[in-house]
Structures are given as C-alpha cells and as structure tokens.
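Engineer: Each chain, written out:
Number of protein chains: 2
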Amino acid sequence: MDKIGRYEFLAEPFHCDYAGRLFMGHLGNHLLNAADFHSTDRGFGMKYLMTIQRSWVLSRLAIEVVDMPSMYEKFTVETWVESAMRYFTNRNFKVVGSNGKTQAWGRSVWAMINTESRHPEDIYAIDNGAIDKWIVKDYDCPIDKCGRVALSDGVQLIKTIDTTYSDVDINGHVNSVKYIEHVLDLWSIEWYREHKLKRFEIAYVAEAHQGERLSFYREQINEMEYYVRIVRNDGTETCRSRVVFK
Amino acid sequence: MDKIGRYEFLAEPFHCDYAGRLFMGHLGNHLLNAADFHSTDRGFGMKYLMTIQRSWVLSRLAIEVVDMPSMYEKFTVETWVESAMRYFTNRNFKVVGSNGKTQAWGRSVWAMINTESRHPEDIYAIDNGAIDKWIVKDYDCPIDKCGRVALSDGVQLIKTIDTTYSDVDINGHVNSVKYIEHVLDLWSIEWYREHKLKRFEIAYVAEAHQGERLSFYREQINEMEYYVRIVRNDGTETCRSRVVFK
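For the record, the sequence lines run as chains W and D.
The numbering of the first sequence is our numbering, which starts it at 1 and goes up by one.
The numbering of the second sequence is our numbering, which starts it at 1 and goes up by one.
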C-alpha cells in the first residue's frame, strides 16, 4: 500500500460560503477525515486504537490556502506521516483540485493518549513501532510548521457563546471542526469580501463541553494577521489560533 | 436512467453527536445533496436552471427517523419525485442502512423561482413538462406530509442568535441546513440523552441574511412535541418547525 493516502471529496453546496468557496471548517473536516481513512487503511486508525484503549488526539492544525475549492468541485486530499516521535506524529496534507493544481497545504500534530487515564502513550509501543514504515520524508509540504501563538495583555474580548448540542462529539468535547467555524465567525461577510484567508492555525490546549461558555479574545498583530484565544468560563484556555488574511 | 436516484454517504465522525449518531442537520444535508445529484443527473438540476435564470427553492422538509446512522456507517439515500404541479414538486427520500434496513424517510416540497424577479415560475414550462417523465407514483413513503404548524400566542422566546459568516450560502441567505442545526440546539445534550428525535419538520417562509438577529420562539404541544418559530429582527417570520421526540 502506498505510504501516501489519496481521498476524493466534493465541495458540497451547503459547505460553501457566500462566494461559493468551501468553508475552511469543512476543508478542515475533509483533512481530518483523510487522516482517519489513511491511518485506518494502514492499521493504526481510531477503530483499532479503541480496542487497545488508545486514541489519536489532534494537537495542532495549520492550513494554508492557495485557491479554495469552488462549489461542486471535486478535489483530492493527499495525506502522509512526515515524522514520528515517542509522543507526537507530524502529518501533512496536500489538497489537489480537479485540474491538478494545488489548492491548499496542511500540517498537523497528533498525540496518542490512553483513553482511560487520558495520559500520553508511547506511539512506538504500538505494534513494535509499526508507524515507522509509513513515514514519508521526501514529499514536500512547503508551508511553515505550526508556530507559537503568544498573545499579549492587549487582547480584546470579541464574543461569548454558549456551546450547544451540535458543538459536541462522541467524546463529549466541543469538536475540532466547530472551533474552526467559531473562530472564523469572528469576522463578518463584509470583511471576507475584502480579505481572503491565507493561513489558519489552531492549537488545541484543553477540552470544552456542552453548556460551557466560551469567550473569544482577539489581538491584531499586523494589518493582515490576528491571534485568537478561546477561554472556558472557568478561566481555562481551550484553544489558540492564528489567522492570516491576504 | 432509473427514475429513483441512489447515492451513498458516510456518517463522518465530526458529523455525529455525543452518542455517535449522525446529526439531523447533516442527514438533512445528505438528503438535499441527493436531491441535487438526482435532478442534475436527469437534466433539471441547479446548474442547468442557472443558465435559464431559474432555481429550485426548498419550501418544506420533513424527516422521520427509524434508526439514525451510526458513526462510520455507510448508508444510501434514495430520492424520487412523487408528484409535480405547476408551482411545486413533491420529492421523497428513503435512507437505507448498510444492513438493508430503512433508517429514515423524508418528504420535501420545492418551488421553482425566477432568479431575477424572485417570483415563482411554471415548472411545466421547462423542457415541455419534462419533469413528468421522472414521476414515481408506486414507491412508498409511509410518513405524513408536512403539516400546518399553527403556533398559539403562548409561544416563549427561548434564544436569540446573531447570524454569522458560516450561516450564509452563495445566495447570501442563511442556509437551510443551518436552520435545522439552530432549531435542534434549542435542546441540551441532557434532553437528547432521554429523548430521541422521531420527526423533524421545517417550513421555509422568508430568507434571513448575515448580521440579522434571529429569535427562536418555542411552544410545547404535548409531552413529546414542540413547535418552533424563527423571527428576524424586523419582525418577519423566516421559518416554522415542528419537532417530535420519542
């Protein structure tokens, strides 16, 4: 089996924005699905891990857009493991349009946890370090790794939302894709008419649950760049995000 | 070509709720996609209609759940046109699980409008009444048609939301699927732990746009049945919905 997985998706009409371009949250969902299919097809997916009380946990995700898929466009998400350490793997993505052109790149960092203790687990303990045979070192992903998002004291509270039934996944946590949607909803359609997304980055720090109130703080770094911090009502930071427009 | 269209979908992990069952909003999205694929494959889809300044507009949707698809389950959406009149068509749906059992049924009502005047158009004027050759009269859909949702004066304001960038589709309107999500978010996970959705019904009355504030009014009809009315900040009703639990 090829070390690189390739999965075809469609930019469905209800997953596209006012301009007929795929929402970043839905693109993120397709990348995470591709990651899931790739690892399942190669014997280290969620379904297998559940049987040994392990789970992959997404720690960071960065997506850089070249040309967002248009409504009804078919596109392919390529994904591969770039490297693995004891407690983390780096997984990359390339989104290729129906015309063969690259539409987006992605980088992600995953930890493996024990689903009972919730503590990190040694990835190399699974099947004698089997992850090593899937590592691809020579396939380019020309975007920066996820960086450190260091907010100053000058952050501004922009919005507070109560998390709902539809925010929460099977683990009882606000799901990774919904956070992307909530962060990007901090800007209006008028803003998006003038500014296209260039890069979206998110670090998942702690979990939130249904009924909790999430506060979104934002800091403008320069004309085209913002940092966002999401904080639970108990004061715990759940996510940090960096949003760059062009 | 078969008069009945059949399209396979997957209950993706981020489209499933706390219990690992597909969210009703995402099921609705799959039905609407199936409707779109079916009509496109048969020459009366959105893409063709756009070229003659026409569009399908969803007027009503009712979905009745037998057994909601589970996470990672593949299921098939069957769809067909049950009847057509001058200004409306009735389109039905049957959702069939990977084990061959029926998981849900759906009924929908569609109008055709002129995209310039926004007025209704005669469906039979398209291609000499070509819709007639796709009508299926002998395939059962054993659920009630969309009913009249008559709210009393006893409705209660439950929630108000500001519509955002991610609510809005290419027409600049709050999209049909997002309304389903917003309505079902009126109940908490604790409620859903005790009550499963039996039937969801929605009538789309008027459009809402990004930045508008939507107020959700709810009236309890009996122990397991609720009516919901969504009103824009200018007082215009945008949707009515009926939600039945079991």
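No wet-lab data here; the hints were simulated from the structure.
Just so you know, these numbers come straight off a predicted model, no measurement behind them.
Just to be clear, a hint being listed does not mean it is correct.
Distance ranges between label pairs, derived from CB positions [as the list claims (entries may be wrong)]: (1) Leu151/W with Asp234/D: 48 to 54 angstroms; (2) Ile161/D with Glu8/W: 46 to 52 angstroms; (3) Met46/W with Gln156/D: 53 to 59 angstroms; (4) Leu151/W with Ser215/D: 31 to 37 angstroms; (5) Val136/D with Met224/W: 22 to 28 angstroms; (6) Gln156/D with Leu157/W: 26 to 32 angstroms; (7) Ser83/W with Gln156/D: 24 to 30 angstroms; (8) Glu8/W with Gln53/D: 30 to 36 angstroms; (9) Gly235/W with Gln53/D: 39 to 45 angstroms.
The beta carbon of each residue, even a glycine, is placed where N, CA and C say it ideally should be.
Engineer: Compare the structure with each hint and give your call.
Structural biologist: Evaluated hints:
1. Remark: the range hint 48 to 54 angstroms for Leu151/W to Asp234/D is contradicted by a beta-carbon distance near 38 angstroms.
2. For Ile161/D and Glu8/W, the hinted distance range of 46 to 52 angstroms is not satisfied, since their beta carbons lie about 35 angstroms from each other.
3. In this structure the hint that Met46/W and Gln156/D lie 53 to 59 angstroms apart at CB is violated, the actual value being about 41 angstroms.
4. One distance hint, 31 to 37 angstroms for the beta-carbon pair Leu151/W and Ser215/D, holds here, with the actual separation near 34 angstroms.
5. The hinted window of 22 to 28 angstroms between Val136/D and Met224/W is violated, with their beta carbons roughly 53 angstroms apart.
6. In this structure, Gln156/D and Leu157/W meet the distance hint of 26 to 32 angstroms, their C-beta atoms being roughly 29 angstroms apart.
7. Taken as a hint, the range 24 to 30 angstroms is violated for the pair Ser83/W and Gln156/D, whose Cβ atoms sit roughly 55 angstroms apart.
8. Distance hint for Glu8/W and Gln53/D: a CB-CB separation of about 32 angstroms, consistent with the stated range 30 to 36 angstroms.
9. Evaluation of the 39 to 45 angstroms hint for Gly235/W and Gln53/D yields a failure: the beta carbon distance comes to about 55 angstroms.
Checked against the numbered hints listed earlier, the structure breaks hints 1, 2, 3, 5, 7 and 9; every other hint is satisfied.
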